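Participant: Following the hints, complete the assembly by docking chains H and Y onto the known chain B.
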Amino acid sequence: MAKVEQKTVPLSGDNAVAYAVKQCDVDVVAAYPITPQTIIVEKFSEYVANGEVDTEFVCVESEHTAMTCCITASATGARTFTATASAGLALMHEMLGVASGCRTPVVMSVVNRALSAPINIHCDHSDAMCERDIGWLQLYAENSQEAYDSIIQAFRIAENLEVILPTMVGLDGFVLSHTLENVSVLPDEAVKKFVGIRQVPRVINHEGKLVPFKLDPANPLTIGPLDLQDYYFEHKRQQEESMRKALDVIKRVHDDYAELSGRSYGNGLVEAYRLDDAEIVTICMGSTAGTVKTVVDELRENGVKAGLLKIRAFRPLPIEDIVSNLTGKKAVAVMDRACSFGGNGGPLFHEIRHTVYDLPDRPKLVNYIYGLGGRDITPDMIDGIYKELQKIAETGEIKNKIQFMGLRE
Amino acid sequence: MVNKLSEWKFTSKEFAQTPEKFLSGHRACAGCGPAIALRLVMKAARGPIIATNSTGCMEVVSTIYPYTAWKIPWIHTAFETAAANAAGIESALKILRKKGRIKDEHVDVVAFSGDGGTFDIGFQGLSGAVERGHDFLYVLYDNEAYMNTGIQRSGGTPHGAWTTTSPAGKVIPGKAEYKKPIADIMVAHNMPYVATASISHWKDLVVKARKGMEVNGPAFMHTFAPCPRGWRSKTEKSVEIARLAVETCVFPLWEAEYGEYKLSTPSKVIALKPERKKPVDVYLKTQGRFKHLFKPENKKVLEDIQKEVDRRWQKLLKDCKTD
Amino acid sequence: MSTQKKGWKEIPLAGACWMSSTEYKTGDWRSYKPVWNADKCTRCMFCHIYCPEGAIKHDPETDKMVFDFDFCKGCGICANECPADAIEMVLEGKE
Chain B
280 MAKVEQKTVP LSGDNAVAYA VKQCDVDVVA AYPITPQTII VEKFSEYVAN
330 GEVDTEFVCV ESEHTAMTCC ITASATGART FTATASAGLA LMHEMLGVAS
380 GCRTPVVMSV VNRALSAPIN IHCDHSDAMC ERDIGWLQLY AENSQEAYDS
430 IIQAFRIAEN LEVILPTMVG LDGFVLSHTL ENVSVLPDEA VKKFVGIRQV
480 PRVINHEGKL VPFKLDPANP LTIGPLDLQD YYFEHKRQQE ESMRKALDVI
530 KRVHDDYAEL SGRSYGNGLV EAYRLDDAEI VTICMGSTAG TVKTVVDELR
580 ENGVKAGLLK IRAFRPLPIE DIVSNLTGKK AVAVMDRACS FGGNGGPLFH
630 EIRHTVYDLP DRPKLVNYIY GLGGRDITPD MIDGIYKELQ KIAETGEIKN
680 KIQFMGLRE
Chain H
130 MVNKLSEWKF TSKEFAQTPE KFLSGHRACA GCGPAIALRL VMKAARGPII
180 ATNSTGCMEV VSTIYPYTAW KIPWIHTAFE TAAANAAGIE SALKILRKKG
230 RIKDEHVDVV AFSGDGGTFD IGFQGLSGAV ERGHDFLYVL YDNEAYMNTG
280 IQRSGGTPHG AWTTTSPAGK VIPGKAEYKK PIADIMVAHN MPYVATASIS
330 HWKDLVVKAR KGMEVNGPAF MHTFAPCPRG WRSKTEKSVE IARLAVETCV
380 FPLWEAEYGE YKLSTPSKVI ALKPERKKPV DVYLKTQGRF KHLFKPENKK
430 VLEDIQKEVD RRWQKLLKDC KTD
Chain Y
1004 MSTQKKGWKE IPLAGACWMS STEYKTGDWR SYKPVWNADK CTRCMFCHIY
1054 CPEGAIKHDP ETDKMVFDFD FCKGCGICAN ECPADAIEMV LEGKE
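If you read the protein sequences in the order shown, they are chains B, H and Y.
Note that my numbering has the first sequence beginning at 280, numbered continuously upward.
Note that my numbering has the second sequence beginning at 130, numbered continuously upward.
Note that my numbering has the third sequence beginning at 1004, numbered continuously upward.
Same shape as in the complex, but just chain B (with noise of 0.2 Å):
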């Protein structure tokens, strides 16, 4: 049961995530507009024009600054945030590597677009998934009410002083961003005392002393230095230590969160749909999961034990949850809204396959490429890979284990 009380928007995905921007007290926003985010910039410019948000809003010239103005003025104390998709995102990558490595926990929303060239505008995860293994967490939200939700969370989640390292929270372009759904906003208050005023971290210097991680007169320090061989790696693996950490640091922000709005998915990194006693499961991120979860339950009424798993955290990756839930499962499809080319499969197909496969009875796994540039993806699609689930469940023979659903051959 919800604590608070809250009232239903129609919210387009863009429009929800400005509106949690709004409620989160963020101090300093610089972001540079592309399709399909630029409602949110747009949208938060109008707040900030009418006095509804006290933000420095700062229209940057390119995704590259936007980043970087977001990086100093996170390390100079302020709460930051920043939105962007496809080669706006590709363009801040050197960055993305500077917010983790200086351990600024920036929020992005990216609505997730698909990479040049040829251009395209729509939906796919190409540009999320360059951005493995550069040190940010990775949400992806469902529907626009998740992106709501995952944005406020996304604050508490980035500066919690376990993890202090940058989130991003994905959104798929167009699908989500620009279509309406009724939203379930929770109050201002309840949002302002749920992410609180950022904290900055305390770290002990040469001297001893416990001092504030963040550029301040009073207590000088230096963020960025030139590391020789002998200390960035030690640095790295304090990074990926934050990034271990943050897995149960996503689950209890998301549970107060759940107690809070009365809303859940999963239990924070993924959200395990009928998967109880299910055979054959399909694995996927997105908006694609609530087309699943339809014909999920279809299947259900007709006595099919089809189930499936949603990753909601990408990064880090939610190993244990993965593992315990396909274990004893038959036939598992990976969904790929992305194609690492030359890479034996999608980026989702290698890190699910190579978490089950110490498991000593492990399912057959097979990949799923689809929806690349915006390409649909229909109920009869997602049913026709049920059914070839089915036929592996049976047969233990995989025909095919990487195919391209949607594609014209």
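Quick caveat, the hints were computed from the structure, so don't treat them as lab data.
Here the structure is a predicted model, which is why all the values come from computation and not from measurement.
A few of these clues could be false.
Using 25 Å as the maximum straight-line C-alpha spacing, the simulated DMTMM-like pairs for lysine to aspartate or glutamate come out as follows [said to hold, decoys possible]:
id, chain 1, residue 1, chain 2, residue 2
1, B, Lys322, B, Glu460
2, Y, Lys1009, B, Glu513
3, H, Lys142, Y, Glu1064
4, Y, Lys1028, H, Glu149
5, Y, Lys1060, H, Glu143
6, B, Lys471, B, Glu321
7, B, Lys609, B, Glu676
8, H, Lys223, B, Glu331
9, H, Lys363, H, Glu376
10, H, Lys200, B, Asp506
11, H, Lys227, B, Asp333
12, Y, Lys1060, H, Glu386
13, H, Lys444, H, Glu386
14, H, Lys232, B, Asp333
15, H, Lys332, Y, Asp1062
16, Y, Lys1009, B, Glu441
17, B, Lys572, B, Glu667
18, B, Lys488, H, Glu149
19, H, Lys223, B, Asp333
20, Y, Lys1028, B, Asp506
21, H, Lys223, B, Asp495
To give an idea of the chain H side of the interface with chain B (calculated C-beta under 7 Å), a few residues [to be verified]:
id, residue
22, Thr197
23, Ile204
24, Ala207
25, Thr210
26, Ala216
27, Ile224
28, Gly388
A virtual CB, placed ideally from N, CA and C, is assigned to each residue, including glycine.
Facilitator: Chains H and Y in isolation, oriented as in the chain B frame:
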């Protein structure tokens, strides 16, 4: 703007007592011009200050983990981001002060960047930050090449200079292009304050740095800073060479407030008495990077250099209304 | 510095650092050493101003120019700029 020299305490004896904020123990080469520039600018600071550098010589030599030569809060992110860094810091300070989350005192934000991070890769960020009007001082320490990566040519490398990517070869004798007029480009942004300074004229430099800090809005200071390593000059001559650059009008000193040019005294003196202007050869002879120009087959390049120096000098005099 | 370097659990995150560069003595870089002549010196402060290392200070109490040889790299700018010829660069060990 009024020169508040007495208030600022910039007589040599008083200036010698100002605190050092760019400390000894940095790993710059012996005779490093940029190190002098940075040290002087930091000594000109008026109160709380946060600095940022782009990747480059000064960033690398001053912050080899775990040592830091900065006695103030300082951040480095990437090569093209000095101005963007400053923009982020300034925005955060503004809003946090407004929200009462930090002390209500003015903090100067200074961005240091080499010619690499300013003329070329960082130009977009600089232009954007200036257009948005952030309150910061951008100090360009110009050693006329990408020195940190091994003396490759930049947009700031002068015509005819040897660099590793514009070597003095049999067919092409050094850099074919001319130096980008970066300070003029910044003036064209109609920004509050642009100045050129040289490490040889310390008081002029320090006064301009202070002016830049005090200005409300973006300020840009193009600082001439010889690099003995990259210019193939003697380490003890770095300041002398910078002086010759001013005296030959290779690097005249001036400032501009919202597009209104004004010649600074060291260059004004030459404008008033043109016979004081030294020929460019005197300056070029001091550096090995121009050595090949003194071969008979490269005579034309020398002439071109003098011609261009004269052309830009005349244009400057016109802009300063002293022609 | 020959102390044992710390592991990843002990060093502060993000490479934040405070240790002053003055702990790193660059004085052993030089071959030539500046020798100051107090009588010739006019206390113009040029040497202090132009030293890239900030290794020359003026002590107002003793009115002496103090050269910090822990950091002097022997570049010779001070000697070159001194208008009173009060500084001479001498080979290290022969001063």
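Participant: Please go over all the hints and tell whether each is borne out by the structure.
Facilitator: Evaluation of the provided hints:
Our distance criterion of 25 Å between C-alpha atoms is met by B:Lys322 and B:Glu460, whose separation comes to about 17 Å. Taken as a hint, the Y:Lys1009 and B:Glu513 pair is honoured in the structure, with Cα atoms around 9 Å apart against an allowance of 25 Å. With a C-alpha separation of about 13 Å, the suggested pair H:Lys142 and Y:Glu1064 falls inside the 25 Å cut-off, and the hint holds. Pair hint Y:Lys1028 plus H:Glu149 holds up; C-alpha atoms about 17 Å apart against a cutoff of 25 Å.
Between Y:Lys1060 and H:Glu143 the CA atoms are separated by roughly 12 Å; this keeps the pair inside 25 Å, and the hint holds. Between the alpha carbons of B:Lys471 and B:Glu321 the distance comes to roughly 22 Å, so the proposed pair stays at or under 25 Å and holds. With a C-alpha separation of about 11 Å, the suggested pairing of B:Lys609 with B:Glu676 holds against the 25 Å cut-off. The hinted pair formed by H:Lys223 and B:Glu331 meets the criterion: a straight-line CA distance of about 18 Å does not exceed 25 Å.
Pair hint H:Lys363 plus H:Glu376 holds up; C-alpha atoms about 19 Å apart against a cutoff of 25 Å. Using a Cα cut-off of 25 Å, the hinted pair H:Lys200 and B:Asp506 holds, with the two alpha carbons roughly 19 Å apart. Between the alpha carbons of H:Lys227 and B:Asp333 the distance comes to roughly 9 Å, so the proposed pair stays at or under 25 Å and holds. In summary, the hint linking Y:Lys1060 to H:Glu386 is not supported, as the alpha carbons are separated by about 35 Å, beyond the 25 Å threshold.
For the proposed pair H:Lys444 and H:Glu386, the alpha carbon gap of about 17 Å is at most 25 Å, so the pair holds. Straight-line distance between C-alpha atoms of H:Lys232 and B:Asp333 comes to about 18 Å, which keeps the hinted pair within the 25 Å bound. A hinted pair counts as satisfied when its Cα atoms are at most 25 Å apart, and H:Lys332 with Y:Asp1062 qualifies at roughly 21 Å. Restraint check for Y:Lys1009 and B:Glu441: the C-alpha separation of about 20 Å stays at or below 25 Å, so the hint holds.
A threshold of 25 Å between alpha carbons decides the hint, and for B:Lys572 with B:Glu667 the separation of about 17 Å falls inside it, so the pair holds. Using a Cα cut-off of 25 Å, the hinted pair B:Lys488 and H:Glu149 holds, with the two alpha carbons roughly 23 Å apart. For the hint linking H:Lys223 to B:Asp333, the alpha-carbon distance of about 11 Å falls within 25 Å, and the restraint holds. A distance of roughly 19 Å separates the Cα atoms of Y:Lys1028 and B:Asp506; the hinted pair therefore holds under the 25 Å criterion.
Restraint check: the Cα-Cα separation between H:Lys223 and B:Asp495 comes to about 13 Å, which is no more than 25 Å; the hinted pair holds. The interface hint given for H:Thr197 is met, as the beta carbon of that residue sits about 4 Å from the closest beta carbon of chain B, less than 7 Å. Using the Cβ-Cβ criterion of 7 Å, the hint placing H:Ile204 at the interface with chain B is satisfied: the shortest such distance is roughly 4 Å. For H:Ala207, the shortest C-beta to C-beta distance to chain B is roughly 6 Å, which falls under 7 Å, so the interface hint holds.
Checking H:Thr210 against chain B: minimum C-beta separation of about 5 Å stays under 7 Å; hint holds. The interface hint given for H:Ala216 is met, as the beta carbon of that residue sits about 5 Å from the closest beta carbon of chain B, less than 7 Å. Below 7 Å, beta-carbon pairs count as interface contacts, and H:Ile224 has one with chain B at about 4 Å; its hint therefore holds. With a least beta-carbon distance of about 21 Å to chain B, the hint placing H:Gly388 at the interface is violated under the 7 Å criterion.
Checked against the numbered hints given earlier, the structure breaks hints 12, 28 and satisfies all the rest.
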